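Novice: Be aware that the sequence shown starts at 2, since it is given in the numbering used here, and climbs by one per residue.
No lab work stands behind these hints, which were simulated from the structure alone.
Treat each hint with caution, since some may be false.
Said to hold, decoys possible - Derived DEER-like restraints, expressed as beta-carbon distance ranges:
1. T68 with H6: 19 to 29 Å
2. V26 with R129: 38 to 48 Å
3. E122 with K145: 14 to 24 Å
Stated by the list, open to error - Calculated pairs, SDA-like style, for lysine to any residue (alpha carbon to alpha carbon, straight line, at most 25 Å):
4. K147 with E71
5. K145 with Q3
6. K145 with F4
7. K145 with P32
8. K147 with E40
9. K145 with L102
10. K145 with P14
11. K147 with L102
12. K145 with E40
13. K147 with A109
14. K145 with R66
15. K147 with R28
16. K147 with T82
Bear in mind that the values here come from a model prediction, so they are computed numbers and not experimental data.
Idealized CB from N, CA, C, for every residue including glycine.
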Amino acid sequence: MQFEHLIALDDPPPLTRQQAWAGLVQRMENPLPFLPSLEACTILERHADHLIRELDFGAARIRDRVTWAEAYWVRFEIEPTGQHAGGSLRISIEEGEAGRLLLRFAYATHGAGSEDEAFGEIIQAAYRQSDHDCVRVIRALAAKTKTP
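When you get a sec, could you build the whole thing from the sequences and use the hints?
Specialist: Rendered as structure tokens:
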């Protein structure tokens, strides 16, 4: 299943590219605030251009590879296992009309929703909700780090 959507970052107070990027770095380094069902995240390998992580969801452990272009995008690639079909999520910081900042969430999953349209719609709704929650966490992080 391929799915993507945009979330504007210009709601008051608007986020800057730097604030959005800082939030995405936090999602790479410490995804716990972004994924409520996540119990732990261990960074197994750290390189100049990527991370290898293990995500512990209790009943399931997932490994992913995180790559990025600083201040532009981050990509999470989940390794397929017996418990998970694998897939990817790319989050891009984009500029729309009049310099309006947006986050583009682009998913590519294997198997999920490919044959059952109703199931695919449920997954897409869950992705949208999770992505709006992600933006809320980024906003909260930006508000904490604002200088007076």
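Novice: Quick check: which numbered hints come out false for this structure?
Specialist: 2, 3, 5, 6, 8, 13, 14, 16
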